[in-house]
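**Student:** Listed below are the residues making up each chain.
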Amino acid sequence: MSAPASSSAVSAAVAEFALRMGDSCLILGHRNSEWCGHAPALEEDIALANTALDLIGQTQLWLGLACEAEGKGRTPDNLAFLRDVSGYRNLLLVEQPNGDFGRTLMRQYLFDAWHLPLLKALIGSADRRIAEIAEKASKEVAYHLERSADLVVRLGDGTAESHARMQAAVDFLWPYTGEMFLADAVDDELASAGLAPEPGLLKAAWQVHVGTTFAEATLKAPEKSFVQKGGRRGVHSEHLGYILAEMQFLQRAYPGASW
Amino acid sequence: MYAQMVKTEAKRVRSLDEMEPQERAFQQRIDAGQKIEPKEWMPEDYRKTLIRQISQHAHSEIVGQLPEGNWITRAPTLERKAILLAKVQDEAGHGLYLYCAAETLGISRDQMYEQLHSGKAKYSSIFNYPTLSWADIGAIGWLVDGAAIMNQVPLQRCSYGPYARAMVRICKEESFHQRQGFDIMTVLSKGTPEQKAMAQDALDRWWWPSLMMFGPSDDASVHSAQSMAWNIKQDSNDELRQKFVDQTVPQATYLGLTVPDPALKWNEAKGGHDFGEPDWTEFFAVIAGEGPCNRERLEARRKAWNDGAWFRDGLTAHAGKQAARRQASRIAAE
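Chains as they are written, first to last, in our numbering: chain F, 1 to 259; chain G, 1001 to 1334.
Isolated chain G (complex conformation) (with noise of 0.2 Å):
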């Protein structure tokens, strides 16, 4: 999950008799399965949540560039590196999207780089963790994709047009990497013995940061229940990391790894895995800043935008300029 812990501005969630009528016509829409569009009105609230969920998750994709175009020149044969580009690209395609989707609720994409820039926004937890092999270019196709899949695929259906409308393309592609990491998982885990081993140091090192993607607990929280009742999640945070365990448990043992977790067996009861807790001491302090590479990844990405402002005021120029001569040319013609 790209968005994590999005805070709404409710103190508890409103039924519809307590709502003024414009406010609950908008609902009834939302509770038939309609989509909202840019120019319909909105409740603020829901404006500013979903600004705060889509940009958390533009930038996420944006950082995520990071940890895995960092194995790209080192990527051990073309095909892979050929694949691993695509993928950048991809991610690179998705942030696009996304903070054009952003944009339709009355924010700039400049404004939404402030805020990453300054602290204000954030991005998802996992990609403060470095990639320290090649086996951890897998581990994040087949873990981090695949843990993000399983909230990106319900918001599809999201309420809002544009941001539902995104999440189709960005589904798509976002399974074919998850099956590109687990390609790179199998090869490794049939290889030589130290490309096993550097198989299961990545699944060690990225399991518990995987399933802290999720979040916390949310079953309690009261933006997580306006979230709902606004359509723009649907699944709680456990509810979803349990699926991930499922699904993702049956693949390590096909790979003949140990997914690092004493607590994790099968619950014949529940049709489910029981499995331990991760360690939300760490996941708050790399929310905080914390992180293994908190500083460095947000210092790339302001070395970026400031070394890049030169490109940008010199396009903005250009442009500036061919206007002025075009008019230039108009008058000269008239």
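Excised from the complex, chain F in its bound form (with noise of 0.2 Å):
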């Protein structure tokens, strides 16, 4: 990778790239904890309460270096609380309701698949902040994949229920994943300055671990899809909104005050 030029248009990417990090870890964060004392089997209620305190670590990770690059003198927390739907630059796929326990748990799967190769690229960033981010998170991140992973497997070839409930979470959310794959000009702009991999190209290391994965579960991709995108640049579902809401009711209703 090269070294990064050093113009505000370099530091604009890379806010916005902090940016949909972190939003896509923190509204994932909020969905998993969602399940909190609803859970299927004590030991999911720890694992998910687990899985969402790294993703809300990762989040005050990737909006405090949004807020440096950005140099405006927010903070994590302003972006957190203080920005509409349209200001969120989060993926679609983690915004989806959590359905069933299947649901939620094909969607931390097929965002895992995706998330840790993207960290593993990113270590080798040029930005030595988005860098570190990205060696702290994989290490946490490795530990979700192999437990989503391995849940997907055992209940796709569990009972005919649970075979049942996971090919359609696969099916409910697969039109979800091809935003993950899609380039812009930030994108571009990331890849070619060697801060961040183009998207495009995580799409085979992704393809084979949940081909791989689906096969020992015996559940199947389908063969017909569409891409549902519009996350990154703020067009989002209209779930978010909601979210948003309930998670932004306490810095709306009491502006200024300190918690």
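Quick caveat, the hints were computed from the structure, so don't treat them as lab data.
Please read these numbers as outputs of a predicted model, since none were measured by experiment.
Every residue gets a Cβ at the ideal spot worked out from N, C-alpha and C, and that includes glycine.
You may find that some hints are simply not true.
Label pairs and their calculated CB-CB ranges [stated by the list, open to error]:
id, chain 1, residue 1, chain 2, residue 2, range
1, G, 1154, F, 71, 48 to 56 Å
2, G, 1028, F, 135, 56 to 64 Å
3, F, 123, G, 1168, 32 to 40 Å
Please dock the two separately framed chains into a single complex, following the hints provided.
**Tutor:** Next comes the structure, spelled out in structure tokens:
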């Protein structure tokens, strides 16, 4: 990877990238935390809270970088709690409702199988700050992927009911996976500056992982599908507004208060 | 205290002279401060009482996830969200150690869940109250975890080994939670007038239910005397309540908040506070299922369990298939 340019354009691209990463972590962490106390087994309550906690921790790092690169004096809390839907840059996949526990697990798996190779590639980023966050996060996400893939296999190849539920989850979520591999001008700029990999380059590794896991789980990826996109430019599904209404309630109801 | 009014089968506490040799040897080991371990002989009533006490404690940790989980998605900052998530995760972990400790006494976790879901087993009355504002999360950490610590610290030295060891780890985490709760209250009470009002309102609503956590006076209770003889309870409910009030009142003063008890005053002669009597009618109503959130709490736990049946069955079926495959490949290899 080549040395980073130090122009303000690059800073803006880094800020945008950090926002995309942080927002996906935040919204997925939020969705996972909705399960708290309601999971099908105590071990799952613990694992979900733990995953959510990792993701919120990663959110703090990515949004911290977004603030620094942006240089407008905002804080990660300002970004998390005071932006409206159109300002959010997360993948549509992570804002989809939890559904049953199978859909929650499948959403996590499809995300993890993309997240880990991305983080591994980012360890080689020309921006030391990105590389450091990726290094730390990849250790946590390696465990997320191990756990989610394992459960997808066990439930896919479990009972007829667990199989049917996992297959329904794949079918429902599949259209939201294509967005992970689409590039826009920001991605092109990041890739040419050696800051982040081209999104399309991550697709092969993701397909291999998903293919292997699904084969073991006796699940099938839909043969024909379409791509739902828009998260990265702030065009979301209807669900995100409700997540933010809940998440941002205190900061909106008591403007300027410290907590 | 997460275990309230735990009953024994005792009619009265018997002296060493009245016991058969085996039971006498058991009691003498307890009197000498020794630990009883799972595979050792123990009186049936000791075993049953411990199952009741430990499972009630475990259920409280599990049900306790619900009122606090109610605010995870609305926590006001990323840091507060992370701290609350970690706390609730710790509590689920406490539930897990405690269920494991109870399992060493010959009951399965599924049986304990069944007792919870059917209403046969109880959990602490405190978790039947609603969390209505962010300050309630502070108040729970400060008051509820503070009250829980009062009786859990001595339980680290209780006679049953697995329970005592579980309690060592639990206590470390609980005291951390208590400090975090107090920190939330500190920030709110130094915040805007609305935040301060929020903190006072939380104290007003959580004070009496927190005092009720210790249960009614048990000075004359044979169950309590028997549990003390077995060293699975060390202090009377009134002693613990007094200790809690004496510890907490100065903290409320530091926060600039008013404890909602007109009878509260320092008694120099006894070196502690005098304070009013909790509304025991309310306490017994909550224990009987008539608290503000009993139905929601139990319904949420039942729903989680019932909705998750396919998940647990799926994992069991997969484990069975894997075992069969291993068996088949062993046979093929021979």
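**Student:** Compare the structure with each hint and give your call.
**Tutor:** Results of checking the hints against the structure:
1. G:1154 with F:71: 48 to 56 Å: 55 Å, holds
2. G:1028 with F:135: 56 to 64 Å: 58 Å, holds
3. F:123 with G:1168: 32 to 40 Å: 39 Å, holds
In the structure shown, no violation is registered for any of the earlier numbered hints.
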